[in-house]
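The listed protein sequences correspond, in order, to chains A and B. If you read the first sequence in the numbering used here, its first letter stands for residue 1, the second for the next number, and so on. If you read the second sequence in the numbering used here, its first letter stands for residue 385, the second for the next number, and so on.
I should point out that these hints are in silico values taken from the structure, not numbers from a laboratory. Not one of these hints is a red herring.
For lysine-lysine, the following BS3-like pairs were computed, each having C-alpha atoms within a straight-line distance of at most 30 Å:
{"#": "1", "chain 1": "A", "residue 1": "K362", "chain 2": "A", "residue 2": "K293"}
{"#": "2", "chain 1": "A", "residue 1": "K239", "chain 2": "B", "residue 2": "K426"}
{"#": "3", "chain 1": "A", "residue 1": "K239", "chain 2": "B", "residue 2": "K450"}
Not the full set, but computed from the structure, chain B residues with beta-carbon under 7 Å of chain A:
{"#": "4", "residue": "P396"}
{"#": "5", "residue": "P438"}
{"#": "6", "residue": "D451"}
{"#": "7", "residue": "G474"}
Beta carbons are placed, not taken as given, at the ideal position from N, Cα and C, and that holds for glycine.
Chain by chain, the residues run as shown.
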Amino acid sequence: MLPNLSHTEIMRYSRHLLIPEVGLEGQRKLKEAAVLVIGTGGLGSPVAMYLAAAGVGCIGLVDYDVVDFSNLQRQVIHGTSGIGALKVESARRRMLDINPGIQVDIYNEPFTSENAMRIARDYDILIDGTDNFPTRYLSNDVCVFLGKPNVYGSIYRFDGQVSVFDAQRGPCYRCLFPEPPPPGLVPSCAEGGVLGVLPGTIGTLQATEALKLILGIGDPLIGRLLLYNALDMSFEFVKLRKNPKCKVCGPEPEITELIDYEAFCGVPGHDHEEGSVGGNWDISATELAERLKKGNSIRLVDVREPHEQDISHIDGAELIPLGQLAGRLSELDSAEEMVVFCKAGTRSARALDLLVGAGFRKVKNLKGGINAWAREVDPSQPIY
Amino acid sequence: MPTLRIPTPLRPYTSGQSEVAVQGSNVSQVMNDLIARYPDLKPHLYNGEGSLRPFVNLFLGEDNIKDLQGIETPLEVEDRLLLIPSVAGGS
Numbered sequence: 001m002l003p004n005l006s007h008t009e010i011m012r013y014s015r016h017l018l019i020p021e022v023g024l025e026g027q028r029k030l031k032e033a034a035v036l037v038i039g040t041g042g043l044g045s046p047v048a049m050y051l052a053a054a055g056v057g058c059i060g061l062v063d064y065d066v067v068d069f070s071n072l073q074r075q076v077i078h079g080t081s082g083i084g085a086l087k088v089e090s091a092r093r094r095m096l097d098i099n100p101g102i103q104v105d106i107y108n109e110p111f112t113s114e115n116a117m118r119i120a121r122d123y124d125i126l127i128d129g130t131d132n133f134p135t136r137y138l139s140n141d142v143c144v145f146l147g148k149p150n151v152y153g154s155i156y157r158f159d160g161q162v163s164v165f166d167a168q169r170g171p172c173y174r175c176l177f178p179e180p181p182p183p184g185l186v187p188s189c190a191e192g193g194v195l196g197v198l199p200g201t202i203g204t205l206q207a208t209e210a211l212k213l214i215l216g217i218g219d220p221l222i223g224r225l226l227l228y229n230a231l232d233m234s235f236e237f238v239k240l241r242k243n244p245k246c247k248v249c250g251p252e253p254e255i256t257e258l259i260d261y262e263a264f265c266g267v268p269g270h271d272h273e274e275g276s277v278g279g280n281w282d283i284s285a286t287e288l289a290e291r292l293k294k295g296n297s298i299r300l301v302d303v304r305e306p307h308e309q310d311i312s313h314i315d316g317a318e319l320i321p322l323g324q325l326a327g328r329l330s331e332l333d334s335a336e337e338m339v340v341f342c343k344a345g346t347r348s349a350r351a352l353d354l355l356v357g358a359g360f361r362k363v364k365n366l367k368g369g370i371n372a373w374a375r376e377v378d379p380s381q382p383i384y
Numbered sequence: 385m386p387t388l389r390i391p392t393p394l395r396p397y398t399s400g401q402s403e404v405a406v407q408g409s410n411v412s413q414v415m416n417d418l419i420a421r422y423p424d425l426k427p428h429l430y431n432g433e434g435s436l437r438p439f440v441n442l443f444l445g446e447d448n449i450k451d452l453q454g455i456e457t458p459l460e461v462e463d464r465l466l467l468i469p470s471v472a473g474g475s
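Input sequences plus hints: build the corresponding full structure.
Set out below in structure tokens:
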């Protein structure tokens, strides 16, 4: 028995009620629906706001982060006044302002193998708006095990992907991507950047798919992957098939319960830059400054991209972008002391791995990157 | 020549090009030509044993080459291959 709508609700949703594909019954279905949004960042922002506005009766939000200044370029559910607040709290405030008639459940915790089944169990649909591979594989597997659709979206710079993975009616995420890329091979948004409006486009498409699934209308993206490119303004579709050898949703699954996804992917379940290598391979910005002041001869190698040098720089550093490093080793001297750095220490940690693998021993990674340098040593440089 | 669409994350290794023309009459030949032209792409597409990494998907038109004849899938001169990587970004 679907819930009834009050007169206020009928007025609020009148533009929906006028569409025959939605109508009164559809709006009541939306009111009865429960959707879980994993991540309240770039993708989660439009998803959560549009689902709230559309009158989805219960929306769950999972995130454990706080609102950061650098989020605001794209995470439109949060505002400047919310900096430092829990993202789930900030998002709930905005959603209930849009629509006080809905219920917003918040889970201020990372989505992990320990809590995922408990959190997801009571929802009809999961929306994957995460920023890392471990949580994407976890979200997929949870949906396969619970028999729920997973509305997938991912973004990078100008590119986006959208699909609906519903193992009961089509392929799952693992059918397309059986294994994650090796750590470090695929850059994240924190490293590579993202056009602020891109998650708006992709997240809105995810919200659209979720509404269609609830209403049971149209042709959902089950078995299809949408590829969007903002520069070309292109939308391309490819067909996805169920992989008969899929380890999770295939006829003979090898994986029948949640696993350790951080171990499986070899990376942490978040997109925060770690900025350090560990052991004796790191040098702090303060220590580097002291050693340079004492006149130590240290070659500074900036492994960022050329356009990042316009943002901030360290005097005397030479630029060798990480992608070119392997081909330019002959320009370096393993007998020289060297410090490699990037924005926050992630790419330079990879550069250090590459250099050590090539026999360099007198090399260190600037912990926290040039942003740490700007914080600790040279406040004239901006942090980005 | 067939063309191959390069996704944004891999464009640093193709001098920024989004589409490259590649020679060959099947997927395997075309991929070998791609790697010969842009050797820096190789570790991103192939594992140590020389086979395509499992997270790399190649589509001919709408179809995954895995659903056609794999790397032996024949190609016509006007064919366009899509290279689809896994992307995790979302925040």
